[in-house]
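Number of protein chains: 2
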Amino acid sequence: MLSLCYKAFHSIVCIFAIKLKENIEAMQETPIEKLGEFALINEITKNIQIQNTSTLKGVGDDAAVLSFSEKVVTTTDMLLEGIHFDLMYTPLKHLGYKAVAINVSDILAMNATPSQILLSIAVDKRFTVEMIEDFMEGVHYACEKYRVDLVGGDTTSSLTGFAISVTAIGEATEEELCYRDGAKPNELICVSGDLGASYLGLQLLEREKALFEKEGVQPDLAGHDYILERQLKPEARQDIIALLKKLKLKPTSMIDISDGLASDILQICKTSKVGCLLYEDKIPIDYTAYNMAEELNINATTCALNGGEDYELLFTLPLDAHDIIEKTPEIQTIGYITEETKGHILQTRGGAEVELKAQGWK
Amino acid sequence: MLSLCYKAFHSIVCIFAIKLKENIEAMQETPIEKLGEFALINEITKNIQIQNTSTLKGVGDDAAVLSFSEKVVTTTDMLLEGIHFDLMYTPLKHLGYKAVAINVSDILAMNATPSQILLSIAVDKRFTVEMIEDFMEGVHYACEKYRVDLVGGDTTSSLTGFAISVTAIGEATEEELCYRDGAKPNELICVSGDLGASYLGLQLLEREKALFEKEGVQPDLAGHDYILERQLKPEARQDIIALLKKLKLKPTSMIDISDGLASDILQICKTSKVGCLLYEDKIPIDYTAYNMAEELNINATTCALNGGEDYELLFTLPLDAHDIIEKTPEIQTIGYITEETKGHILQTRGGAEVELKAQGWK
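Going line by line, the protein sequences match chains C and G. Per the UniProt record's numbering, the very first residue in the first sequence carries number 1; after that it's consecutive. Per the UniProt record's numbering, the very first residue in the second sequence carries number 1; after that it's consecutive.
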């Protein structure tokens, strides 16, 4: 049962039990038409609890009203069914959580404190009130976790597919703000957590989906919790921002890794007008990701460089931060900023130097 | 030719020349794959000129950076092909303009000054770079008109259909801010411009589309410029906000008419805990809208009450504003706020009293 599955929020063993129903009546769930727009909005917003003093007025007027004493940062992302997620194996609750987390991640990458989000959703005829509630449960869970207030949004119907748009807002002092353009030669290139696991989780899900669809084989996801969670329920690294503050380290440049390490370090280099030297053997990759890469016969480093959706923080620090970072297991130094003329280089395990290349979507 | 059509931005006689092409090659337009994501973003953002001092950093980092000395208001809307617009008769340039205008309208309805927008678009395989440029031309045109800066957004592909999400941000002092909950008994209910024309424009377009599709009849839109423009390129009433300031009148409550006069006055009444009495003969309806209503055999008042998408401002003013408003042709008094127990009443031309009802989407 769909709803049973979603209830196990932290467990992802029951994915693939999810099948969007053709027959809502048989599921004993509530068709959206039964509620109408205004009642649906009430349903969606009923659990909102304002957590930030910067939120003066949330949902319920033409616009939300906010009050900031510092600089305001804002970012937006759109997620579409069939492009960014597959409801065959993505629990709606995880999806709601992820939609908030990936936007919060962009606010954190400015070294700012996330404070509000606006959320628009478009749903097609397959959706029931209960499914929207599942999605919103994930949204509220993320709002609570990251201490952001849901202050506005839009609900609409779509012809086909589920569409999600989130705008996130945050606050930072001018001194705190951290852009992409501040990296300087000889600075350390650092990354939080580990990379590539999210991409490998997606590859696993796609493989199992294909087997399930073609041959009816029940998915075998046992023991792959970590890479699946990295894909289905990524976390924004609010803890790393707090840690850097505690260590009194301010990044000279920062970005969150959404497109992949290669693409994102190249963004920093391009904006800062510098080069970089990365060491392949320093790129943090979880052992479960290595194992899956081997099983799928793909290169783990390639996954870390180009997989994307890691939502780890990539940043540069002055060279004198080296000793502190060495004693900080949450952060790994993976290379150095160089002069722009030196280009963008990856030194492989074998000692060869290859040029870093980005892979955006087409 | 598609591009020729869009060039005539202010003229809407050439609609129906718009046909989304199956064969991009034959159109000599540029497939999006040829550019890739980053080049496309460059293309979209190349014409941005920052107009507001509150914009410290626009497109180009993880988030935009803004600075406000007063309260911040923000709102968001999603527009989907097949639900909110039909590309058969909606020029992309008009659509870009409308997507901005309707969000600006929500900011104005708070009595705030719009300052920034974020824009996300998702496009499917039918789209070319030139089509996105057309859309963006309308966006830029609206940004210039309403003096808002495009400071961020997202571009992605969609499986089917064009999806647009706009978030608008504005600023107002605490004293300026105008909510929905401030209406009090005996206050005037006022509205800017005229109502119902947008809905009638849509009905005309739908009628002509049906004739064109079924019988190949060329659309006859001559003489209907006003109602078509109200539908395809609505304006946010920034001029009314300025006029009210000039007249030293501050609305006690305000909303923009997007769902229809009936639904929106009921929102004010519900939030303000008051009743209302509207006079049918006071509801401003343009004579071209009357004519079209007659031609289509529908009631013009019903269009004004429930049509929606007028984007006029609906507001309440203290009774002593009566003399000023009477001398202000841009604003019409259409009724009075009453005690909540009196209910929500429309007095018809014949003098009968009927209950006002809202019609949201299902």
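Just so you know, not all the hints are guaranteed correct.
One copy or any two copies: either way a pair holds, since identical chains are not told apart in the list.
[Claimed, not checked] In silico lysine-lysine, BS3-like type, Cα no more than 30 angstroms apart, as pairs:
hint	residue 1	residue 2
1	Lys250	Lys327
2	Lys248	Lys57
3	Lys34	Lys245
4	Lys184	Lys125
5	Lys184	Lys57
6	Lys327	Lys125
7	Lys184	Lys357
8	Lys57	Lys273
9	Lys246	Lys125
10	Lys145	Lys57
11	Lys342	Lys46
12	Lys357	Lys46
13	Lys270	Lys342
14	Lys34	Lys273
15	Lys357	Lys125
16	Lys125	Lys214
17	Lys209	Lys273
18	Lys46	Lys327
19	Lys145	Lys246
20	Lys270	Lys57
21	Lys46	Lys214
22	Lys327	Lys145
23	Lys125	Lys250
24	Lys270	Lys214
25	Lys250	Lys57
26	Lys34	Lys214
Worth flagging that the hints you see were computed from the coordinates, not collected in a lab. The structure presented is a predicted model; accordingly, all values stated were derived computationally and were not measured.
Problem set entry | Indices of hints not satisfied (ascending) | Structure breaks hints 3, 4, 6, 9, 17, 18, 21, 23, 24, 26.
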